Structure formats: C-alpha cells, structure tokens
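If you're matching them up, the sequences are chains A and B in order. Take 1 as the starting number for the first sequence in the working numbering and just add one per residue. Take 1 as the starting number for the second sequence in the working numbering and just add one per residue.
No lab work stands behind these hints, which were simulated from the structure alone. Bear in mind that the values here come from a model prediction, so they are computed numbers and not experimental data. Take these hints with a grain of salt, some might be off.
[To be verified] Some residues of chain A that are not near chain B, with every Cβ distance over 12 Å (derived): (1) Val97; (2) Arg127; (3) Phe135; (4) Val143; (5) Tyr161; (6) Arg163; (7) Thr182; (8) Ala254; (9) Gly288; (10) Gly298; (11) Lys332; (12) Arg368; (13) Leu374.
[Unchecked claim] Listed below are several chain B residues computed to face chain A (Cβ distance under 8 Å; list not exhaustive): (14) Gly178; (15) Thr260; (16) Asn271; (17) Ala274; (18) Arg283.
Even glycine gets a Cβ: it sits at the ideal position worked out from N, Cα and C.
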Amino acid sequence: MTEADRLVLELRGITKRFPGVVANDSIDFDLRRGEVHALLGENGAGKSTLMNVLYGLYRPDEGGIVLNGKPITFHSPGDAIRAGIGMVHQHFMLIPVMTVAENIVLATEPRRAGVFLDYGAAETRVRALAGQFGFAIDPDAKVEDITVGQQQRVEILKALYRRADILILDEPTAVLTPQEATELFAILRSLNREGMSIIFITHKLNEVLEIANRITVLRRGRKIETVDREGSTEAGLARLMVGREVLFRVEKPASSPGAALLEVEGIQASDDRGVETVRDVSLTVHAGEIVGLAGVDGNGQSELVEVLSGLRRPGAGSVRVAETDVTGAGVKEILDLGVGHIPEDRQRRGLVLDFSLAENLALHDYDREPNSRLGWLFPSRLVARAKGLLQRFDVRGGDAQTLAAALSGGNQQKVVLAREIGREPRVLLAVQPTRGLDVGAIEFVHEQLVAARDAGLAVLLVSLELDEVIALSDRILVIYEGRIVAEYGSDVTPEELGIAMTGGRVDEETAA
Amino acid sequence: MSTPTITTPGSPEPPGDEIPPDTFAGRITLAHRAGGVAVPLLTTLVAFVAGGLVVLVFSRKNPLSTYHAIFNGTGLNWLLPWNTCQFPCQPAIHLQQTAVQFTVLVLTGLAVAFAFRCGLFNIGGQGQYIVGTIAAVWIGTSLDSLPGFLHVTVAILAAAAAGGLWAGIAGFLKATVGAHEVITTIMLNWVALWIGVYLVDIGGPLQDPSAGPVGVTAQVDPGARLRVLWGTPGLQALNIGFFIALAALVVYSLLLNRTTLGYQVRAVGFNPDAAAYGGISVRRSYFLAMAISGAFAGIAGSMDVLGWQLNVDTSFVNAYSYIAFLGIAVALLGRNSAVGIFFSALLFAALTTGTAARNLDPNVFPSELATNLTQMIQGLVVLFVGAELLILGIWQARRRATKTAGRVE
Numbered sequence: 001m002t003e004a005d006r007l008v009l010e011l012r013g014i015t016k017r018f019p020g021v022v023a024n025d026s027i028d029f030d031l032r033r034g035e036v037h038a039l040l041g042e043n044g045a046g047k048s049t050l051m052n053v054l055y056g057l058y059r060p061d062e063g064g065i066v067l068n069g070k071p072i073t074f075h076s077p078g079d080a081i082r083a084g085i086g087m088v089h090q091h092f093m094l095i096p097v098m099t100v101a102e103n104i105v106l107a108t109e110p111r112r113a114g115v116f117l118d119y120g121a122a123e124t125r126v127r128a129l130a131g132q133f134g135f136a137i138d139p140d141a142k143v144e145d146i147t148v149g150q151q152q153r154v155e156i157l158k159a160l161y162r163r164a165d166i167l168i169l170d171e172p173t174a175v176l177t178p179q180e181a182t183e184l185f186a187i188l189r190s191l192n193r194e195g196m197s198i199i200f201i202t203h204k205l206n207e208v209l210e211i212a213n214r215i216t217v218l219r220r221g222r223k224i225e226t227v228d229r230e231g232s233t234e235a236g237l238a239r240l241m242v243g244r245e246v247l248f249r250v251e252k253p254a255s256s257p258g259a260a261l262l263e264v265e266g267i268q269a270s271d272d273r274g275v276e277t278v279r280d281v282s283l284t285v286h287a288g289e290i291v292g293l294a295g296v297d298g299n300g301q302s303e304l305v306e307v308l309s310g311l312r313r314p315g316a317g318s319v320r321v322a323e324t325d326v327t328g329a330g331v332k333e334i335l336d337l338g339v340g341h342i343p344e345d346r347q348r349r350g351l352v353l354d355f356s357l358a359e360n361l362a363l364h365d366y367d368r369e370p371n372s373r374l375g376w377l378f379p380s381r382l383v384a385r386a387k388g389l390l391q392r393f394d395v396r397g398g399d400a401q402t403l404a405a406a407l408s409g410g411n412q413q414k415v416v417l418a419r420e421i422g423r424e425p426r427v428l429l430a431v432q433p434t435r436g437l438d439v440g441a442i443e444f445v446h447e448q449l450v451a452a453r454d455a456g457l458a459v460l461l462v463s464l465e466l467d468e469v470i471a472l473s474d475r476i477l478v479i480y481e482g483r484i485v486a487e488y489g490s491d492v493t494p495e496e497l498g499i500a501m502t503g504g505r506v507d508e509e510t511a512a
Numbered sequence: 001m002s003t004p005t006i007t008t009p010g011s012p013e014p015p016g017d018e019i020p021p022d023t024f025a026g027r028i029t030l031a032h033r034a035g036g037v038a039v040p041l042l043t044t045l046v047a048f049v050a051g052g053l054v055v056l057v058f059s060r061k062n063p064l065s066t067y068h069a070i071f072n073g074t075g076l077n078w079l080l081p082w083n084t085c086q087f088p089c090q091p092a093i094h095l096q097q098t099a100v101q102f103t104v105l106v107l108t109g110l111a112v113a114f115a116f117r118c119g120l121f122n123i124g125g126q127g128q129y130i131v132g133t134i135a136a137v138w139i140g141t142s143l144d145s146l147p148g149f150l151h152v153t154v155a156i157l158a159a160a161a162a163g164g165l166w167a168g169i170a171g172f173l174k175a176t177v178g179a180h181e182v183i184t185t186i187m188l189n190w191v192a193l194w195i196g197v198y199l200v201d202i203g204g205p206l207q208d209p210s211a212g213p214v215g216v217t218a219q220v221d222p223g224a225r226l227r228v229l230w231g232t233p234g235l236q237a238l239n240i241g242f243f244i245a246l247a248a249l250v251v252y253s254l255l256l257n258r259t260t261l262g263y264q265v266r267a268v269g270f271n272p273d274a275a276a277y278g279g280i281s282v283r284r285s286y287f288l289a290m291a292i293s294g295a296f297a298g299i300a301g302s303m304d305v306l307g308w309q310l311n312v313d314t315s316f317v318n319a320y321s322y323i324a325f326l327g328i329a330v331a332l333l334g335r336n337s338a339v340g341i342f343f344s345a346l347l348f349a350a351l352t353t354g355t356a357a358r359n360l361d362p363n364v365f366p367s368e369l370a371t372n373l374t375q376m377i378q379g380l381v382v383l384f385v386g387a388e389l390l391i392l393g394i395w396q397a398r399r400r401a402t403k404t405a406g407r408v409e
C-alpha cells in the first residue's frame, strides 16, 4: 500500500456542531507527503472550522485525526505545533517592533546564561533556515519595515523553525499583490520539493488550478468531492462549490448613456499625512453607464472617492452631481443629492456592526420622516421598512432585529447594497463592492450593479479586480499615481489594462 | 472549552468575520452581551464573599452577622412585612438615607454611562457634580423673589447647565483638537474643586458673611428646597429628588433609544468611521454626549444641595464630592443600561448607608472600623467589576485569535 504510506495526515469523519448549525458534517480529508491540497469552498462552507479542529482550537464532536498512521488528539494549538503542524493565519501574528529573527525564534529562543536572548545565534539559525528553503529575507529587518509579502514569509519561516512538516495556509493570497502571490507559489513549490505537505485554504478558483495537486470542495459543512487538478476547470469547480452553474460573464445589454450626472473637474487631494495622492483628476459619469476606475491599490482611488462622497475636502477642482456644485460639501449634503456609496470597507465604514440591520439600513435617513419626527425616532418604522429591503435584496441569516455583526460577509454586503441602492440614488459610487465575497455573492452584487445601471444610475466602479472592471464597465479609466492615465472601452484586454495600471507606456491611440 | 462564539441560534449559516471594533465602547458592548445579568450578579456575589472573608480573618467577626447588621443599617429591613417600628424609627431613617444616596448615584452613574455609549470615558463626574452644587447653591441663595416651584426648577436647571458646560469643555476639546477626555476631565475635576473651595471659603463671593471664620455658604432659600416626602426635613430625608432620579433613568433610556440624537451617539460610540460615512457629525456627537453626561452629574449636585445639605462648605466641595466618582462603578456594574444602573445604584447606596459608622450596630461590628468596611466592600466590588472587564478583555483577545484563525468562515 504505497499510496497509503504516503499519507501524512487523515481527518476521518470530522463533525463539529455549533448551536443551530453543523459546521462540519462528517468530513474526510487526507494529505499526501509533498503535495499541495487545496480546501475550496464559499465563505461559511466549513473550511476554517475544519482547520481549527486540525490545529487544536476546536475539539471535534465526532471523528478523529490520524497523523502519520497514528491516531492523535490535540487539546491546544501547542499540541498541534509539537506534532509538526504549522498554520499561517490570514492576519499575521507578528510583533512589528521586533526583528524578523526575533519573531521567528519567539518562545523557543536560543539563550545565553539561561536568561538573555542570544541574538547572534538566532540570526544565524534564521539565516540558515532561509537559505535552506531559498527565502530572500533579511533577519535583521524590523517586521514593521518589511512588505506584507515578506511578513508572510516570516510566518512561514516561523512554522519551519518549529519543525513543521505540515503547513496550513489560510487564504494566503488575500493580502498579496499578484506579483507577491506568484512569489509565494514559487516558495510553496520549493517547500513541496523538500517534502513539506501543504493545505491551502481559499475560495479563489484560479489559484487552486495554479498551485494545488488535489482539491477538496466543501459546501455547507459537507465534503462534496476531492478532485485532481488535472481535468478540473474553473466552471466545474465553481459548480461544485456553489451547487449550481455560475455565470462568469456578466450578462448586460449595451448601455445607453444619458445626461452627465457626476462631473469631476481637476480634483486634487491629499491623504491624511498630507501627501498629494490625487492629481488633477477629471472624469464624467453619465446616467445609465458604469465607468470602471482601474488601478493598483494606493494610487489615489480611496482619496478620490472620499472627496466625491464628502468625507475629504479637495485641494483644488470641482465636483458636480446632477448639475449641482458640491465641491467641499459635507457628507449629508451629497447623500441628500442622491449619491449612493458602497464603501471600500464594509466593516469599518459601511456598517455599524453592533447596530441591528434595521438601524443600519436607516443610517442615511434615520433623521427623516417617517423614520423620525422632530428628533423623535420610531424604531418600529425602521423595522417595518427594513423587512421589505431585506427581502428585496435577499439578505439571509437574520431579520431586521439581528445585529449586523451576526451576518456573513456576503450578507453584510447585501445590507449595504440594500441601503445604498434601495434609496434610489442618481449616482452610485461602488468601491471594491465584491471584496472578500464568494462566487455566489459576487454574482449577486454584479447583477445588482448592472440593474442599477439599467435603471438609469450613473455608476462609478472602483475595483482592484481587473476581471470585475472589464466585465462590468462600459468605459474604463486607469488611475496611476493619482492621475487618470488611460481610457478604454469594455473590449480592453487584462494585459493592456495591467500595463497601464503599472505606469507602462500607453498606446497613443487608445489614450484619452 | 472553546465556546463557540460564532453562531447565533436560528442563523442558517455561521456569521461573518465579525470582530468588534477595539474601542472602549466596543469592549463595554462586548461586556454587555457577554454574560447578560449573570455576570454582574456573580461579580457582586464574589465581592461579598471576599469581603466576608476579610471580615472573618481580620476582625474575627462572623461575616454573616456582620452582613445582617449592614443590611439592617441600610434601612431595607423597614420594607420587611414583619417589621414593626415605632417613632423615632431607626430603619425608616436609614432607608431615607439610602434613598438619598441612591438619587445621587443614579445621576452620577448616568453621567458616566451616557458618555460611554458615545465611546467616551467621562471620569469628570466629580467636577461636574461640584459645579452643579455651586450653581444650585448660588441660585438657591439668591433669586428669592421667585415663587417656590419656579425657584427650585431654575436652581436644578442651572446645575444641569453648569455640569453640561463643564463636561462640554472636555467634549469640545475632544472634538476640536482630539484631547483625550480622560485627561481633560480629570484636570477639570481639580479646577472645579479649587474654584469651588475659593467661592465658598472665607471671604469667597458665595460665603455667608455671618459665618465668620467658617467657609460655608448661606442656607438655600426654603422655596428652592426639594420637597420632603418622608422623614425629617434637614436630615437626609426622602425628597422628590428620588423621583427625579427615577425620571432621569427613563429619560436616559428614551434619549438613547428613541431619539435621533441617541441614534447618532450610539452610532459614534460603536463605530465613528461608519457614523461619519453615514453623514453624522462625530465632533458634534462627542460634544453633545459629554454635555448631556455633565448635565446628569450637575443635577446630582443640585439634588444633594437642594435636598438635604442646603448649603455648601469647603469639606463638602473637596471631600464629599468624591461620591461622584462612585458613578463610574455604578455605570460599569450596571452595564450602562437604565435597569442595570437602577440596581447597581441601589447596591452602592445601600452599602454606603449600611456600613456608615452611625448605622452599623456597634455590638456586631466596631463602629471605628465601619468606615473602613464601607470602603473595603465598595473597593472589592469595583475591583471585581474591573477584573471582570479584564477577564472579558482576555477572553476577547483569545476570541480574536480564534476568529482570525477562523477568518475564512
């Protein structure tokens, strides 16, 4: 049984129940030596619960773990670490003011006289370890000074330093740029060659097809299937994940632009540190069209949107909404003119997580009739109106009285959409509207944006996802270092956009 | 014992990647939800058990009989049906004192709680209480041409305005230059204290000239006194201030939950970024929340002055005013809810009265130690409330780690 000999890890019939929900329903999962086994599923499919069981954070209600052929029980992450399992969380657990070497040896640091950190020894060991696996990293650099991609490598090295031979990566590419993701994949392949086995948690189909040897798909707490990468397609995996056919192309009729509803002229703005990040941006969005603003994160998009929504004052230029000058106007005034805003970060900006859904849906008009009168609020009216909106936007997982915090990410975003589109604005600022959402929720958001466009809204879509921008937009503007550097129609290729976004030379004919 | 924190019964899918915002208000909110009524009750019970142990170890007194004596000292035994009491009835007098303490603790507790709900930590209750007493005594000793009802109303409103303005300074500084309210309110406490002492001390503008070498104001005009409903006027008798405090609890709850201002305050308290995005002025909310908080504390000051103290002397300003600090413990134990504050104010009021040297039966517990017992038990309750927050904080940190581990869900 050579095949079975190569299994380093087996999860057998893992069941984990929480009150009211079965997060894992008798799931089998195994890992071979030297492979990448992807765990694929929508948000809430049970991926993290399963990994938390493996990492000793949860005790399974049923089922067990077999490590290298021997049954084993983990009572804490410490047990799992000692057994050679390392986990790299999506949010790093590093101490920013300490050096790379210090972070890696933390808790098992080499000592002098039993008390003092032997920094020299730590550095030497870290350097040797990095060299062994081909990591480019400076052990003396402070963690706060290195990039996110490098911080992730520190996390991986930390696991290797603790002699892990099974590595769990939780959504490792969520925080990385495309280049950093490519570098990560190279690292993972070299780790595989050294005999490391890797569990790769994700909901991104293209990554799975690029890096995984085998793919296990979870849906609603159940294992649907384990497939080999060979012969798998994005469409096939998406169907396993969602349980139905998924449209990858957004179906939308040709646009019929009307009057200019959002006119931006020569806007200049600075970020919180006073650095100029928006330089002379002019753009126009007409009724009935989606204008995509593509760009690498941090090229002035956030500040531009803040200016347009009244959260930030521009240094120069003008903004007109439906022919009314709103330059430097407050948030309230701009909202009242009919601007909807799906913010970049729904948890920080878009929702008050400790408010009920009814209260969240009233964020812009709690102070208006019929919600309130002369400063007197009518909570029952908020609830009554919320019920209709929640139904119309298919929000699941709670009713009008549920706290927003209790919803899944996709449903939280639906609540934001319900509020921003539901109040029938004329202009819609949609910033990264599908960030962190799974396939099904993305499809819903896209449909809603197209529907809003067809209803005559002027939609400005700001997104870092090229595919999304291309699929949805009628026109695409590229922002680079605070300037609009190119304009394309919807027939542009991702390659062209990618070059323009990174400041590459723009073809004279297509440039605006 | 990894308590599954990620599901609510009835929700078909595990909830999202929620992590409460790491603000003070966020932690308080968490504390709110974490144990419901059970945790504050347990906190109090543990404090009492610990207090009993200290009594046993250090004074060799029976803790149970000591607590029984304290209970009798609170006057709450008057409410027991088998109690028959002839005039002068001690339990009745004790109960009136408890009610008077309750009044001021409810109001200072609300002063802390309202600011909490806006994400602000108002520990300037003492200063706001002092300016309230000064305003009340000033109006109460002047304007004596006003008819009685109007006079007392104006005096209370003046105290509310003074407390509101005083706290409003901290709110204004927070809103404009971002000065932390904990620092500014503490500083304002001392400013209020020394201004108060100056005003009532010998030669001060509010000192009663006939008092000679004593730093004390004149007595409040009879028309400006809170009407006594039960007991001997001039002692700590039950006056209508008790009902003003109960009304304040209702006002607090309505203001927060049933007004647009309350909506703004809660939104800012939970998530200032989302509030700003929604068009709410965060600065205005900070200022108003502090001012309203201060108004509660200012009213507390007027209740003591117009209800039973009737004048203000230097020791009242620089020593007795410390009672306003207890408002923090009241609000924390009461979970910033009107109902919670009602019960925690009752507890602290009963403790203060029940352990007072003059109320505690000297045969059970030596009166010279009684004051120490007061402070010890109060201290233990505050300590355990603090420990509870600490434990919840640690628990939250654990949960945070677990949640980030479970971020995909």
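Status of each hint after checking the structure:
1. Val97: With a cut-off of 12 Å, Val97 of chain A remains clear of chain B, as the shortest Cβ separation is near 18 Å.
2. Arg127: At about 29 Å from chain B, Arg127 of chain A clears the 12 Å cut-off, so the statement holds.
3. Phe135: Holds, because the least Cβ-Cβ distance between Phe135 of chain A and chain B comes to about 23 Å, which exceeds 12 Å.
4. Val143: Holds, since 17 Å exceeds 12 Å.
5. Tyr161: 20 Å, holds
6. Arg163: Non-interface label on Arg163 of chain A holds, nearest chain B Cβ at 21 Å vs cutoff 12 Å.
7. Thr182: 22 Å, holds
8. Ala254: 34 Å, holds
9. Gly288: 26 Å, holds
10. Gly298: 19 Å, holds
11. Lys332: With a cut-off of 12 Å, Lys332 of chain A comes too close to chain B, as the shortest Cβ separation is near 4 Å.
12. Arg368: 9 Å, violated
13. Leu374: 9 Å, violated
14. Gly178: 13 Å, violated
15. Thr260: With Cβ-Cβ at 5 Å, under 8 Å, it holds.
16. Asn271: 5 Å, holds
17. Ala274: 5 Å, holds
18. Arg283: It is violated, given that the least Cβ distance between Arg283 of chain B and chain A is near 12 Å, above 8 Å.
Going through the hint list in order, the structure does not satisfy hints 11, 12, 13, 14 and 18.
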